[in-house]
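Colleague: Residue numbers (this note's numbering), protein chains in the order written: chain E, 1 to 315; chain V, 1 to 389.
Take these hints with a grain of salt, some might be off.
Which bits of chain V does chain E cover? Going by a derived footprint, with three or more residues having C-beta under 8 Å, they are [what the hints assert, rightly or not]:
no.	segment
1	8-22
2	213-221
Derived lysine-lysine pairs resembling DSSO-like cross-links, with alpha carbons at most 27 Å apart [stated by the list, open to error]:
no.	chain 1	residue 1	chain 2	residue 2
3	E	114	E	136
4	E	114	E	185
5	E	83	V	226
6	V	220	V	383
7	V	13	E	136
8	V	223	E	22
Hint data in this document are derived by calculation from the structure and do not stem from the laboratory. For each residue, glycine too, the CB sits at the ideal point set by N, CA and C.
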Amino acid sequence: MVLQMKKEAIRIERLKKYYNNKPVLEDINLVIYEEEIFGLLGPNGAGKSTLMECIVGLRPYDYGEVYIDGESLGYRGNNIKEKIGFVPQDPLLYDDLTVEENIRFFASMYDVPKNLVKNRIDLLTNWLNMHEFINKKVKILSGGQKRRAGIAVSLIHEPDILILDEPTTGLDPNIRREFWNIIKKLNEDGKTIVISTHYMEEADELCERVGIINDGKILDIDAPIELKRRYGGSIKIVIHVRTRFLEKALEALAEYNAELHIDRIIIPDRDESDISEIKKYLLANDIIPESIEVKMPTLEDVFIHLTGRRLGDNE
Amino acid sequence: MNKIVSIAIKDFKLLIRNRSALFWNIMFPLLIMLLFVAIFGRQTPITINVGIIDQDNDLLSETFIEALNSSNLTRVLMFNNKIDAEEAISSQEIEAYIIIPGGFTSNLTSGRNTYVDIYVDMSNPDTTQITEGLLREFVSRFNEIIREKWIEYSEQYFPPHVISYIYSFAKPINASIHEAEAGPRVGYKEYIISGMIGYGFLFSALASATNVIVKEKEEKTIKRIKLSKANPWDILIGKTIAILFNLYLYIGIMLGIAYLLLKPEIYWNIPQILFLSLLGGLGGIAIGLILSILSESPEAASGASISIAVFLQFFIGLYFPIEFLPEYLQIVSNILPFTIIVNVLRDTMLYNIPLFSFLNMILIVLLFDVALYLLGSMIYLMKIQREEV
Chain E
1 MVLQMKKEAI
11 RIERLKKYYN
21 NKPVLEDINL
31 VIYEEEIFGL
41 LGPNGAGKST
51 LMECIVGLRP
61 YDYGEVYIDG
71 ESLGYRGNNI
81 KEKIGFVPQD
91 PLLYDDLTVE
101 ENIRFFASMY
111 DVPKNLVKNR
121 IDLLTNWLNM
131 HEFINKKVKI
141 LSGGQKRRAG
151 IAVSLIHEPD
161 ILILDEPTTG
171 LDPNIRREFW
181 NIIKKLNEDG
191 KTIVISTHYM
201 EEADELCERV
211 GIINDGKILD
221 IDAPIELKRR
231 YGGSIKIVIH
241 VRTRFLEKAL
251 EALAEYNAEL
261 HIDRIIIPDR
271 DESDISEIKK
281 YLLANDIIPE
291 SIEVKMPTLE
301 DVFIHLTGRR
311 LGDNE
Chain V
1 MNKIVSIAIK
11 DFKLLIRNRS
21 ALFWNIMFPL
31 LIMLLFVAIF
41 GRQTPITINV
51 GIIDQDNDLL
61 SETFIEALNS
71 SNLTRVLMFN
81 NKIDAEEAIS
91 SQEIEAYIII
101 PGGFTSNLTS
111 GRNTYVDIYV
121 DMSNPDTTQI
131 TEGLLREFVS
141 RFNEIIREKW
151 IEYSEQYFPP
161 HVISYIYSFA
171 KPINASIHEA
181 EAGPRVGYKE
191 YIISGMIGYG
201 FLFSALASAT
211 NVIVKEKEEK
221 TIKRIKLSKA
231 NPWDILIGKT
241 IAILFNLYLY
251 IGIMLGIAYL
261 LLKPEIYWNI
271 PQILFLSLLG
281 GLGGIAIGLI
291 LSILSESPEA
301 ASGASISIAV
311 FLQFFIGLYF
321 PIEFLPEYLQ
331 IVSNILPFTI
341 IVNVLRDTML
351 YNIPLFSFLN
361 MILIVLLFDV
371 ALYLLGSMIY
381 LMKIQREEV
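Only chain V is shown next, with the shape it has when bound in the complex (with noise of 0.2 Å):
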């Protein structure tokens, strides 16, 4: 027991004075973190900027071009003609505008249609279907105003159930959404948080359980060590334990910077994240093990363990849900024991769920860990008997 323990200390002071570990296992995940949350966990929504070529100049066009103003979603600018507002769409000064015909107003307050021509720049995707659907909602929205004003104005001419039938003729569906008790807002940075967890496993623990072991044999300290009378099963479980803690150190000092910076709405279910990392870590140690054992070099096996490590951060839900993946890439994704583990922290720390409503999936999980660590023991075993560790 004693020499576990010194095992574990050894290798946990080793892999925390690497400074290169140190930084891509502890200080590159908090990076990603705070860059992701601050790219898409804005709760601002962007603005769009909308040129507005009025050709009216009368009560209803000021009116909608100071709807449009007001919205915090939109900022207007506005052009003398279409030559301008082409070449600022040019310079991406704006990503649309609007031309407001004459006799908008006259149109409007006298019974009869009109319209107004919107032109989106369709150059890049991501904006085009944005502006897009704000300016059409913002036209309906504009509409169902001027409507209601119409059908207030005749109120004074019309019986109440003629009113009522011209109300349903209007506006047949009416909807309005209210929040639902469903717990806590989730937002992108609740969402990141629990798959940041997920990282640990495949860096913390897969890539450190290889460095770990092949710096050992790389060193040649291994075969003092062999001289000892530590017998390879010390040997294994202190290195498991060093990296365990690393693995916790890594979850510890992101929560704390997550818990003050960005200020989550998450359960604290502290026992339940704890033991569902132990679960991801000893995934991650058991392949780790096996990689370092398994190639022939160790440089091939650190650059082994790192491409896994950083080919499965997009296949196992860390920043982005799965349904973003093609659906044959979802089978394979949700078959990994890692998705798992992060989908049951997520539902942890976003919702609370107890440990026993996922009894089936820990339990895949844990035959998935126990199977591949004893793979990877044997194999060590046999191979430090020999002359090869």
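If we strip away everything but chain E, and leave its shape as in the complex, we get (with noise of 0.2 Å):
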């Protein structure tokens, strides 16, 4: 409800993606509100990138409008792209290039005074960490550091919405929180957020609404906890066995419902107080479980739903 009241960062209209005659996005109809997080959840070759890259004004588009602040996008005039800030999935640096240098050709790619661009950079090595290696050339840094460079190059020009396409891919989980709270602290300094992720847990964890996408297509668009409501189920109980009891496992626990679900039996409507009667049944017909849990419906559950596979069944 609050949401509805916020100004449109970025409205989408029936936006629509060919290449070579094939559809990539199709219809993409998407309101992004100010200083929202908002998360594009879908697998790789989902077309979240491309959808992106359509926003920011990357890739051009065969039907549709994008509106950046109430002004389309098709205009694409220098005020849009001041209002923009593109984070890649690559960093896109120069390698032989220096963070600080990089930094510094960019801010004069967007026309920032001069006299602002030291105090910029001060700025941002400080909240980013970049210390260590503000002077040195990107080429030796580690992926987490190319990705912070990247970060502070998106911001050197202050724009007021930032998209992120996918960044935290390829980091270990440690790391990735750490973007999690830069995320979470550019929101809280009134950024507009848009991020695309495969990680269900990384929309769950930042993002106040999310859209899934498969195929080229917006399947819904809701808070992560209203999706997973709608789409979700129960709590439940999960259980691992080996692939060739799988069935032998359904067969022993019809009596509660127990549900296949690819690699895994899911018993809905159950809690911790059914496990251990459970694991007898499973036993008494030979089945050593490999795992037993109860599980909360996250949005992994909401896309199995909506598509009918799991988000990592194209990686």
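Both chains are sitting in their own frames, so use the hints and assemble them into the complex.
Modeller: Spelled out as structure tokens, the structure:
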């Protein structure tokens, strides 16, 4: 309800994009509000990066329109460019320049006044903790350091909207958490964040609203909690057994209304108190379970419900 | 303007930080220049080793050997017989040998004809011609000296008008060589220094232009620039300036090294050299730009530009006069704008000919540069608007 009262930062209307006459984005309609963190959740090849590149003006689209702060992207005036910061999947920096040289170069590409650049670099260095590598050439940095440098470059012109294309892909879990904190801080500073990811926990942790995208179509958009309530089902018990025992286990647990979900058995509407009894049933049938756990509904369940497959299936 | 300068500085930094490009653009041509000057620019002529079998062992055969040995062009090695001399030829110890027959001195001093046998190693066509010519010239000069001595000796027996008649009979034409006042002496080092500026048009300009554009495309950093407020003209002009800086850096270093190490006698008409280099450089950049856009992949673009540069270096008179090429290739070479600029540069540096003497040629090259650069720019701008660059 609160979101409805917010101003629109990005509006996408009936956007279509084709490659070699094959649709890669089909009739995308989407509104992203100011100061929210919006997530695009979908597997690799779902169309997330293409949609983001259409939003920032890197890829022309074949039909529809994108509005940034009420202005059509088709016009792509410099005032629109100033409002957007894009963090691509690869940092896209000059390897033979230092981080500071990269930031300074892109500052001049956005006409950032020279007297402000030094101050902004200092702020970004502190904020993104780049002290130890600000004067190093990009080619010798680690993956995480490069990503931070990439974010700094995208923020040097102080955009209102920051679009991040899978910013944590390939990073280890600890560094991923660091990035989540950075993104949250950016949002607290008043920036509108659009993030694409194929990590459901990332979308769950960060995003106020999530758009589930698959095969170039947005299947639904809402707050993670709403999506889970709508599609994720109730609390359930998830049982992992060896693949060859799946059928047998399903038969053994028939009276619990067990369901086969790809490589696991799910028993809906049950909680921890049922686990020991279920285990007995399985052992009586000579089935040793690999794991039995109680699961709250997740965005993965939402995705499975909407598409019939898991998020990682394309990877 | 600010963006153009930033792009130019950024690209120039990237060019000079690329060690491999730096080697091929600056170090390699310097090595080529120094090597070619060492090989072809020697002031001291080559020395021919000549074997002598002296079967006369008398005054004039010794004079003959002494004269041959005193020449800077020849070094004499004595042999006792033909077998030894043939062995020395086979082992390439000598390039030729001469047999002075018995009676050489007595025949010459008693007014009779004589001869020498000269055997030349024909297995090496490069030295054969020089050796043969050199020894023929030596024998001819030795004949002349003998003749002069005879006539001098005859002066005491004949009246002057008869002596004069004998002179005209023995030596009908007297040729003497004098140095004409045609400016400084042009050696190979002066020739190649002006040519090496042309090397920069092909490698520091043409190949670097392709490299700078495809690298941006390959590493996708062009995406970030496209997102910014920079327009495609800013990118193009910025890159052009960076490549011209790169070309001038090469020319500066090359001329500096040449000045210090080779001490060439050339006219240092720097403004004219810089202007002509600008024309040559723009032509190179325009071709590099078109190659980078038309090639299907960055690798193909780099490969094409390097191949064209390597091929062209032998056709625009960098290292040798284009007259060395077969006639049909000379026709092609003469219409290449790079050849025109290299020739004008050479005339500037070797003979100090002012620019206005070449106005027609300059105009042709300028038109070529502008047409090609505009064509390249149009295609580049068209492609960058779409998603292909």
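Colleague: Please go over all the hints and tell whether each is borne out by the structure.
Modeller: Verification of the supplied hints:
Check on the segment 8-22 of chain V: 5 of its residues sit with their Cβ under 8 Å from a Cβ of chain E, so the three-residue criterion for coverage holds. Counting residues of the segment 213-221 of chain V whose C-beta lies closer than 8 Å to any C-beta of chain E gives 3; at least three are required, and the coverage claim holds. For the suggested pair residue 114/E and residue 136/E, the alpha carbons sit about 22 Å apart, so the restraint of at most 27 Å is met. Between residue 114/E and residue 185/E the alpha-carbon distance is near 26 Å, which keeps this suggested pair within the 27 Å criterion.
The suggested pairing of residue 83/E with residue 226/V holds, with an alpha-carbon distance near 14 Å, which does not exceed 27 Å. Taken as a hint, the residue 220/V and residue 383/V pair is honoured in the structure, with Cα atoms around 14 Å apart against an allowance of 27 Å. Of the pairs offered as hints, the one joining residue 13/V and residue 136/E holds, with about 15 Å between alpha carbons and a cut-off of 27 Å not exceeded. Straight-line distance between C-alpha atoms of residue 223/V and residue 22/E comes to about 24 Å, which keeps the hinted pair within the 27 Å bound.
Violation of the numbered hints given earlier is absent; every hint is satisfied by the structure.
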